[in-house]
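Student: Using the UniProt record's numbering, you'd call the opening residue of the sequence shown number 1 and step up by one each time.
Careful: at least some of the hints might be erroneous.
Said to hold, decoys possible - Label-pair distances were calculated between CB atoms; the ranges are: (1) P35 <-> D64: 17 to 25 Å; (2) F23 <-> Y55: 32 to 40 Å; (3) S29 <-> I50: 18 to 26 Å; (4) L3 <-> G67: 23 to 31 Å; (5) K48 <-> G27: 36 to 44 Å; (6) R12 <-> K48: 44 to 52 Å; (7) W44 <-> R11: 34 to 42 Å; (8) A9 <-> D51: 29 to 37 Å; (9) F70 <-> I34: 22 to 30 Å; (10) G67 <-> V21: 39 to 47 Å; (11) R63 <-> T41: 23 to 31 Å; (12) Y55 <-> L3: 39 to 47 Å; (13) Y55 <-> G25: 39 to 47 Å; (14) L3 <-> F70: 37 to 45 Å.
Read the hints as simulated data drawn from the structure, not as lab findings. Built from N, CA and C at the ideal position, the CB exists for glycine as well.
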Amino acid sequence: MDLTPDVAALRRLIQSSRRAVVFTGAGISTESGIPDFRSPTGIWARMKPIDFRDYVASAAARRDAWGRKFANDPHGGTQAKRAGCAGRHSPHPVEA
Numbered sequence: 001m002d003l004t005p006d007v008a009a010l011r012r013l014i015q016s017s018r019r020a021v022v023f024t025g026a027g028i029s030t031e032s033g034i035p036d037f038r039s040p041t042g043i044w045a046r047m048k049p050i051d052f053r054d055y056v057a058s059a060a061a062r063r064d065a066w067g068r069k070f071a072n073d074p075h076g077g078t079q080a081k082r083a084g085c086a087g088r089h090s091p092h093p094v095e096a
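Let the sequences and hints guide you as you build the complete structure.
Tutor: In structure tokens form, the structure reads like this:
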């Protein structure tokens, strides 16, 4: 199915408008190859979310949660921690 004429018409419509509102959902990203969360092959199937009750009750769950945060957080401070202390330090007993 060739969408080129439709895309061109949409482009002209947006360019001639003063304002535009676009409503999208998860399908727009999954069609582009970005994985969703809830499908059988989604992110949560590969990395189960840590339930708050488990986080509070289990030191292992807290270590897992903070390990995920440390591994995935793109914040500059985390980048500095990765460079400066990765593998050399372990959580304080209060944090574990």
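Student: Take the hints in turn and mark each one as holding or not.
Tutor: Against the structure, the hints come out as follows:
1. P35 <-> D64: 17 to 25 Å: 20 Å, holds
2. F23 <-> Y55: 32 to 40 Å: 34 Å, holds
3. S29 <-> I50: 18 to 26 Å: For S29 and I50 the Cβ distance comes to about 23 Å; the hint holds.
4. L3 <-> G67: 23 to 31 Å: 43 Å, violated
5. K48 <-> G27: 36 to 44 Å: Roughly 23 Å apart at Cβ, these two residues miss the hinted range, so it is violated.
6. R12 <-> K48: 44 to 52 Å: Because 46 Å falls inside the window, the suggested range holds.
7. W44 <-> R11: 34 to 42 Å: Roughly 36 Å apart at Cβ, these two residues keep to the hinted range, so it holds.
8. A9 <-> D51: 29 to 37 Å: 47 Å, violated
9. F70 <-> I34: 22 to 30 Å: Because 23 Å falls inside the window, the suggested range holds.
10. G67 <-> V21: 39 to 47 Å: 40 Å, holds
11. R63 <-> T41: 23 to 31 Å: Holds: the Cβ-Cβ distance is about 27 Å, inside 23 to 31 Å.
12. Y55 <-> L3: 39 to 47 Å: For L3 against Y55, whose Cβ atoms are near 45 Å apart, the range 39 to 47 Å holds.
13. Y55 <-> G25: 39 to 47 Å: Given about 29 Å between the Cβ atoms, the range is violated.
14. L3 <-> F70: 37 to 45 Å: Holds, since L3 and F70 (Cβ atoms, about 42 Å apart) stay within the stated range.
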